[in-house]
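Student: Based on the sequences and whatever the hints tell you, model everything.
So the protein sequences, as listed, match chains F and W.
The numbers in our numbering rise by one with no breaks, and the one at position 10 of the first sequence is 10.
The numbers in our numbering rise by one with no breaks, and the one at position 95 of the second sequence is 95.
It should be emphasised that the hints constitute simulated quantities derived from the structure, not laboratory data.
Hints are not guaranteed to be accurate.
Counterexamples of contact, computed for chain W against chain F with all Cβ distances above 10 Å [what the hints assert, rightly or not]:
1) I12
2) T20
3) S73
Below, computed lysine to aspartate or glutamate pairings styled on DMTMM-like, alpha-carbon distance capped at 25 Å [unchecked claim]:
4) W:K14 - W:E56
5) F:K51 - W:D103
6) W:K14 - F:E41
7) F:K51 - W:D63
8) F:K98 - W:E78
Reference listing, derived: stretches of chain W covered by chain F, where coverage requires no fewer than 3 residues with Cβ under 8 Å from a Cβ of chain F [unchecked claim]:
9) 43–57
10) 62–70
C-beta: ideal position from N, C-alpha, C; glycine also.
Below, each chain spelled out in residue letters.
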Amino acid sequence: GQQLNQSPQSMFIQEGEDVSMNCTSSSIFNTWLWYKQDPGEGPVLLIALYKAGELTSNGRLTAQFGITRKDSFLNISASIPSDVGIYFCAGPRGGTYKYIFGTGTRLKVLA
Amino acid sequence: DTGVSQDPRHKITKRGQNVTFRCDPISEHNRLYWYRQTLGQGPEFLTYFQNEAQLEKSRLLSDRFSAERPKGSFSTLEIQRTEQGDSAMYLCASSLYGTAGPDTQYFGPGTRLTVL
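Tutor: In structure tokens form, the structure reads like this:
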């Protein structure tokens with residue numbers, strides 16, 4: 001079945017550093033979404049991507065829809081302590097609206 | 001706050017008891033989804049509704065689980081005869097399907113279930 005693998009699994013960075021993470025799939029996706037989840041809370045939508053090659057920003061966050069449609073990337077610039085959390089990529093399974101979520105990237109920011 | 005809301009936020013119950021969770025979607029959204037998330041994992045799809053119709057159920061949704069959306073607005077998820085393996089975060093999401101824009105899901109804060 002379709003799986004989404006995220007890399008890295010976790011990372012510690014210094015405040016002010018830029019962060020990059022990616023998400024890869026064994027099959028094509030037509031939509032990529034990036035969510036952030038804080039402990040004990042639901043995922044919050046950060047960026048949604050709908051076209052191959054699309055590059056979209058939301059404040060310090062930038063995400064790209066890979067041209068192969070099998071990957072996506074999320075960059076966070078000038079990280080701050082509140083960027084701590086788990087970042088999930090997600091996409092609809094096989095043309096349906098059942099989202100598959102990636103394995104998550106756990107980000108910790110050191111002040 | 002006009003986002004997705006869930007109640008209760010936390011539920012502790014003893015094995016064998018029944019529990020019911022409620023989800024109120026974003027008011028104009030016609031689709032409502034339930035997901036389950038266990039520790040260290042991403043959310044997994046359980047079921048979804050379009051208006052009051054339940055259109056799909058995952059094989060993760062055993063016979064002990066039932067979901068309803070009687071008036072096409074709020075939804076309830078009931079688990080009967082709870083088992084320790086049911087301990088998880090239960091997430092609700094909603095979306096607006098059928099408009100010119102994309103059908104993007106927005107999540108609620110979740111209900112954390114602990115079965116003792």
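Student: With reference to the structure, classify each hint as holding or not holding.
Tutor: Status of the hints after comparison with the structure:
1. I12: Its Cβ never comes within 10 Å of chain F, the nearest being 14 Å, so this holds.
2. T20: Non-interface label stands for T20 of chain W: nearest chain F Cβ at 19 Å, farther than 10 Å.
3. S73: Holds, since 19 Å exceeds 10 Å.
4. W:K14 - W:E56: violated, 29 Å
5. F:K51 - W:D103: holds, 14 Å
6. W:K14 - F:E41: holds, 23 Å
7. F:K51 - W:D63: violated, 39 Å
8. F:K98 - W:E78: Cα-Cα ~20 Å, so holds.
9. 43–57: holds (count 5)
10. 62–70: violated (count 0)
Checked against the numbered hints listed earlier, the structure breaks hints 4, 7, 10; every other hint is satisfied.
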